[in-house]
Amino acid sequence: MATKIVEVHPGIYEIFLPLPMRPTIINVYLLDCHGAWALVDTGMNSPESIAALEAAMAEVGIKIEDLDAIIATHHHIDHFGASGEIRRRSHATTHIHRLEAERAGRMIEFGKMSSHDRPESRAFFVRHGFPIEQLAPTGMRPAWMGTSMYGPVTHPDRFIDDHDVIKIGDRELEVIWTPGHSPGHNVIYMRKEKVMIVGDHLLPKITPHVGIYPDAAGTNPLGDFLNSQLKVQKFEVELVLPAHGGVYHDHRHRANQLIEHHRYREAEMLDLTRKAPQTAFEVAQQVFGGEERPIFHVMAATFETLAHLEFACFGGRARRSERGERTVFQAL
Amino acid sequence: MVEKTIELTGISANSVEEAVQLAVSRAGVTIEGIHTAHVEDIAAMVEANQVVRWRVRVKVTFQVKDELHE
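The listed protein sequences correspond, in order, to chains A and B.
Going by this note's numbering, the first residue of the first sequence is number 2, and it counts up by one from there.
Going by this note's numbering, the first residue of the second sequence is number 1195, and it counts up by one from there.
Treat the hints as calculated values from the structure; they're not laboratory data.
Listed below are the simulated EDC-like cross-link pairs for lysine to aspartate or glutamate, each with C-alpha atoms no more than 20 angstroms apart in a straight line: (1) B:LYS1198 x B:GLU1226; (2) A:LYS168 x A:ASP158; (3) A:LYS206 x B:GLU1226; (4) A:LYS64 x A:ASP33; (5) A:LYS193 x A:GLU175; (6) A:LYS276 x B:GLU1211; (7) B:LYS1259 x A:ASP251; (8) B:LYS1198 x B:GLU1234; (9) A:LYS276 x B:GLU1241; (10) A:LYS235 x A:GLU173; (11) A:LYS168 x A:ASP69; (12) A:LYS195 x A:ASP163.
Here chain A stands alone, though its shape is the one from the complex (with noise of 0.2 angstroms):
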């Protein structure tokens, strides 16, 4: 297997692990504390991925066994799904902030459940237009619920929040809570280096998915995605180390892109919605295509779809009406 470990500053290590679903690589980070090691997000429980991690941890003449520290970005199960297998081997002290773990906890837990232990969840889909007595239950869920794929530390031994510094040999890692792609989503900040690692938060190419769940009626993932994109273009940075793609140097830059991003995105579903209400199964359909799709992925369209609705609906630029037993937007 060839290593894949890159030292993108000095001491600090970026692993590109294998994902078995698109993307196909989640990029973690090695720390060099000086006297103490730091993984930054895990990877997946998979055979794949834990080989892969030791091989370039070898590469630098550690073990997994070495490492002092784990700090989540998020519970998902790439960044935070081989937690458990990392703590039990290395001991480690766990850093992820609360929301993330109680989210892991649920995940867990409904991975124990068929959809038709959640009446609620059925009724929220049935609500947001999304077909689900058509479409087979099976399909809704991803392949590694339930399975031991996803192995995160529910108990973690610190929970971490904004404005946290936490010390670790010589580095201080800084914790700036940027909630909106998952609720207790942060990105860690190396002040003296001018370094973030930045998780999900400020992918280079791709633009992460926020979306509003079942468990989450009722919020603005959306509101809150664009204001931590603001928040973090008040720190100086150099290097930007994502999950996903390559390091860069603009964060501000890309922040900007994706605020931008969203206004297009919401301006185009608005539009849709003018002349008459509609979903946002409906507006999703015609935003995403409604062709032949994982039904995974036009659930994903459906909740992205729902996020920017009710953003709009919270700045007055929309309301929501009820439908039947369906909740329709409209543009104001």
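Starting from the structure of chain A, add chain B where the hints point.
Leaving out everything else, chain B in the frame of chain A:
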């Protein structure tokens, strides 16, 4: 000074103006300094004798900025 022009088609369910704005907004995500959108063609898409969408072909022009390698 050199300018660059690209051709886009904006599609709106609402109006010609919104179709132009959508095309410009999308271009603006990745292009800076757009100063002109020249409308080249307008078509109304019809279903059941009703205009359901406006398709507007525009040429969007922006100034080319060269980046110096330091």
